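Chemist: For the protein sequence lines, the chains are A and B, in the order given. Every letter in the first sequence is one number past the one before it in the working numbering, and letter 268, counting from 1, is 268. Every letter in the second sequence is one number past the one before it in the working numbering, and letter 198, counting from 1, is 198.
Calculated from the structure, these hints are not laboratory results. Take the hints with a grain of salt, since some may be wrong.
Straight line, CA to CA, 30 Å or less: simulated BS3-like cross-link-like pairs of lysine-lysine [claimed, not checked]: (1) A:K213 x B:K185; (2) B:K131 x A:K83; (3) A:K213 x B:K64; (4) B:K185 x A:K185.
So, partial list: chain B residues that the calculated Cβ filter (under 7 Å) puts toward chain A [said to hold, decoys possible]: (5) G58; (6) V74; (7) G76; (8) G200; (9) Y201; (10) T209.
Just so we're clear, the structure is a prediction, and the values are computed from it rather than from any experiment. Think of the CB as a built atom: it goes at the ideal place given N, C-alpha and C, for glycine as much as any other residue.
Number of protein chains: 2
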Amino acid sequence: MLNQDRLNRAQARMREQAIDAYMILTHDDYIYFFGEVRHQPRAIVPAMGPPIIITFFGEEEEVKRSLGVGDARVFGTVGQQIKDVVGVMREMSGGKESLRVGVQMWFNTPAFLLNMFQRANPQIEVVDIAKVMDELRLVKDDEEVALMTRAAEIARIGIETAARFLRPGITENEVGAEIEYAMRKAGGSGVATPVFVNSGYRSGWLHGTTTEKVVERGDMVVVDVVPRYRGYCANLARTFVVGAPTPAQLELYETYRRAQAAGIAAVKPGIRNREIDAAAQRVFSEAGHGERYVPGISHSIGLDFEEMPRPTIHPADSRIELVEGMMLTVGHSVLSVPGVGGVRIEDTFHLRDGRAHALVACDVAFELPC
Amino acid sequence: MLNQDRLNRAQARMREQAIDAYMILTHDDYIYFFGEVRHQPRAIVPAMGPPIIITFFGEEEEVKRSLGVGDARVFGTVGQQIKDVVGVMREMSGGKESLRVGVQMWFNTPAFLLNMFQRANPQIEVVDIAKVMDELRLVKDDEEVALMTRAAEIARIGIETAARFLRPGITENEVGAEIEYAMRKAGGSGVATPVFVNSGYRSGWLHGTTTEKVVERGDMVVVDVVPRYRGYCANLARTFVVGAPTPAQLELYETYRRAQAAGIAAVKPGIRNREIDAAAQRVFSEAGHGERYVPGISHSIGLDFEEMPRPTIHPADSRIELVEGMMLTVGHSVLSVPGVGGVRIEDTFHLRDGRAHALVACDVAFELPC
Numbered sequence: 001m002l003n004q005d006r007l008n009r010a011q012a013r014m015r016e017q018a019i020d021a022y023m024i025l026t027h028d029d030y031i032y033f034f035g036e037v038r039h040q041p042r043a044i045v046p047a048m049g050p051p052i053i054i055t056f057f058g059e060e061e062e063v064k065r066s067l068g069v070g071d072a073r074v075f076g077t078v079g080q081q082i083k084d085v086v087g088v089m090r091e092m093s094g095g096k097e098s099l100r101v102g103v104q105m106w107f108n109t110p111a112f113l114l115n116m117f118q119r120a121n122p123q124i125e126v127v128d129i130a131k132v133m134d135e136l137r138l139v140k141d142d143e144e145v146a147l148m149t150r151a152a153e154i155a156r157i158g159i160e161t162a163a164r165f166l167r168p169g170i171t172e173n174e175v176g177a178e179i180e181y182a183m184r185k186a187g188g189s190g191v192a193t194p195v196f197v198n199s200g201y202r203s204g205w206l207h208g209t210t211t212e213k214v215v216e217r218g219d220m221v222v223v224d225v226v227p228r229y230r231g232y233c234a235n236l237a238r239t240f241v242v243g244a245p246t247p248a249q250l251e252l253y254e255t256y257r258r259a260q261a262a263g264i265a266a267v268k269p270g271i272r273n274r275e276i277d278a279a280a281q282r283v284f285s286e287a288g289h290g291e292r293y294v295p296g297i298s299h300s301i302g303l304d305f306e307e308m309p310r311p312t313i314h315p316a317d318s319r320i321e322l323v324e325g326m327m328l329t330v331g332h333s334v335l336s337v338p339g340v341g342g343v344r345i346e347d348t349f350h351l352r353d354g355r356a357h358a359l360v361a362c363d364v365a366f367e368l369p370c
Numbered sequence: 001m002l003n004q005d006r007l008n009r010a011q012a013r014m015r016e017q018a019i020d021a022y023m024i025l026t027h028d029d030y031i032y033f034f035g036e037v038r039h040q041p042r043a044i045v046p047a048m049g050p051p052i053i054i055t056f057f058g059e060e061e062e063v064k065r066s067l068g069v070g071d072a073r074v075f076g077t078v079g080q081q082i083k084d085v086v087g088v089m090r091e092m093s094g095g096k097e098s099l100r101v102g103v104q105m106w107f108n109t110p111a112f113l114l115n116m117f118q119r120a121n122p123q124i125e126v127v128d129i130a131k132v133m134d135e136l137r138l139v140k141d142d143e144e145v146a147l148m149t150r151a152a153e154i155a156r157i158g159i160e161t162a163a164r165f166l167r168p169g170i171t172e173n174e175v176g177a178e179i180e181y182a183m184r185k186a187g188g189s190g191v192a193t194p195v196f197v198n199s200g201y202r203s204g205w206l207h208g209t210t211t212e213k214v215v216e217r218g219d220m221v222v223v224d225v226v227p228r229y230r231g232y233c234a235n236l237a238r239t240f241v242v243g244a245p246t247p248a249q250l251e252l253y254e255t256y257r258r259a260q261a262a263g264i265a266a267v268k269p270g271i272r273n274r275e276i277d278a279a280a281q282r283v284f285s286e287a288g289h290g291e292r293y294v295p296g297i298s299h300s301i302g303l304d305f306e307e308m309p310r311p312t313i314h315p316a317d318s319r320i321e322l323v324e325g326m327m328l329t330v331g332h333s334v335l336s337v338p339g340v341g342g343v344r345i346e347d348t349f350h351l352r353d354g355r356a357h358a359l360v361a362c363d364v365a366f367e368l369p370c
């Protein structure tokens, strides 16, 4: 059902910023307002008054029933969908020369869709809705904390499954299959980013996935999971070594653990995001890995896998101050030393009572028997 | 390894269209040229000469080794990555006032990334690379046909798994977990679009996913899967009824089967994509469902789940002519009758020897015992 409180707060911010309407094209804000998972949703939130849902004719009755929203424009084709959107925009503009319409411009908004929207509505000034939604979504309410805690429990099951299946001879794809299946069986609806099972030379990669590569004895393996529960994400990453680690591998792992701990200890309301980085950087530099450190060890998370602040993508976000009630991860950066391997150890935290509380404890050993 | 033949053909088209370089930001074209799966790849293909890979320092050695590419610019941060790209662009422009650079603007290119690229390179005119890549990728070579046939076999396993697990009392999420796991175990690397298990009132939805909804006796269930094998997709959808169908459900299902068959029979080189639609539309109209028909029953497919022509998204694509050697699906449109249910029956075909050949046969019964 429509969350009237969230709607009211978003509309107040929209009016402050002279944004006439928000055109929702992505699932995250749709879930935020309507609490319902729908693939490729379309809705228009005016600066005042009830939202308007744009929906396929086969979904009309169910949308009205489940959302408690009276105004649904129904389409049967893309052409009609565009007409519906343009029609609502015209009605809204009334006598006005032009409208300022917010659109989300993050990972889930394809460039062509934005172009299509602008071509269909030439009288509209499109603005980034991040100014309204990012701050609003930064602090999580109790319901959101509960959903993310559930997502974190699902993530832990994914990591524990990895520890159980990783052994010489298994492929990354096979391990990925077991992780995804276990997380699904635990109630997850899927993943927000591809599951990483980055083994051996792939452990030092910046991004990840699973491939046909066979896991070998001595491989370091970075496993990173971001399952969703009712739209909400939690992020958990652990690094393993298959068999006995070399001294260099063990040193890399222990350094990362200390760096993550330093980052976690630095978390408190009022500091800037980059101070978490600075705390971790000191540990890496003292260990002689300063050059190998990728700044941006912490990002926020919620209905999207990376929410503001997300300094590895928007470096300016490193100046954003932490606030009580936000969610954040610590451990996002990979420590990558070619010839040795890569390490990433990441947990999701709730900033509560002035410090970081992990959503779940996930104690798995670095060294896996083989 | 770099596919020099594909590169040569792309570069010839780029020169014809006065495009100086192609900035690759998406996995599909990266796989097309380099045959390697990498999450968030970055590469620049100039109109002449060898490509330049932009990669994270931890991946440099392995990228050079596996791709056989000499020129890799290495970054450690997003800032450095942007500098690398800008540097290459400057080198390329030489004495030129401005460069025309192609970028893919489809589902996998986020709006913000394109904005970031334009801001970092104000001297550049950004053009849609679709004009180069869409036609190039339309006709599949033997290697691509083999990979897509493998993807289709994995899709069939997904559909057969759905038939085995669908019964009253199971949730859509649970069925989805089994489908994804079975497809992974069969060699798939994941899915290109979320698995649909749209049951009961959700069967008539335009898009899909799996939810916590419990499958009930009498539900129609649309199952739609698009697994990937080494980057390549195949699309397969089937509709089931859990228990004995009502006469209206059976009529809807049989009508769709006849419409799909009419669409398949219409496929031949030289006709326009919309003629497949017209053949299906006649069947739906004669059955009294003409108003419920969503035009766009056929789209192409390959390294992306919808490739040109994709008439439900770009209506003008309905005028594109079919060519020998292309891949296409027939059955993309949902037939949605509120109160009865929805049907979608979709297969992937290779247009060969003048007619449509299904990549796999997938004979599952409409009625599931319960």
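Chemist: Quickly compare the C-alpha distance for K213 (chain A) and K64 (chain B) to 30 Å and report which way the hint goes.
Modeler: Answer holds: K213 (chain A) to K64 (chain B) is near 18 Å, not above 30 Å.
Chemist: Hold the hint about T209 (chain B) up to the distance rule: shortest CB distance to chain A must be less than 7 Å.
Modeler: Given a least distance of 5 Å, the restraint on T209 (chain B) holds.
Chemist: Is the interface hint for G58 (chain B) satisfied, with its Cβ closer than 7 Å to some Cβ of chain A?
Modeler: 3 Å, holds
Chemist: Check the hint pairing K131 (chain B) with K83 (chain A) against an upper bound of 30 Å on the C-alpha distance.
Modeler: 27 Å, holds
Chemist: Please check whether G76 (chain B) passes as an interface residue: C-beta within 7 Å of a C-beta belonging to chain A.
Modeler: Constraint on G76 (chain B) satisfied, holds at 6 Å.
Chemist: Does K185 (chain B) sit within 30 Å of K213 (chain A), going by the straight-line distance between their CA atoms?
Modeler: Distance of about 15 Å is within 30 Å: holds.
Chemist: So, as I understand it, the hint says Y201 (chain B) touches chain A; can you test that by seeing if any CB pair is closer than 7 Å?
Modeler: 5 Å, holds
Chemist: Report holds or violated for the interface hint on G200 (chain B), using the least CB-CB distance to chain A and a cut-off of 7 Å.
Modeler: Constraint on G200 (chain B) not satisfied, violated at 10 Å.
Chemist: Next item in the hint list is V74 (chain B). Is there a CB on chain A closer than 7 Å to its CB?
Modeler: 11 Å, violated
Chemist: Would you mind confirming whether the straight-line C-alpha gap from K185 (chain B) to K185 (chain A) stays at or under 30 Å?
Modeler: Roughly 16 Å between the alpha carbons, so the hint for K185 (chain B) and K185 (chain A) holds.
Checked against the numbered hints listed earlier, the structure breaks hints 6, 8; every other hint is satisfied.
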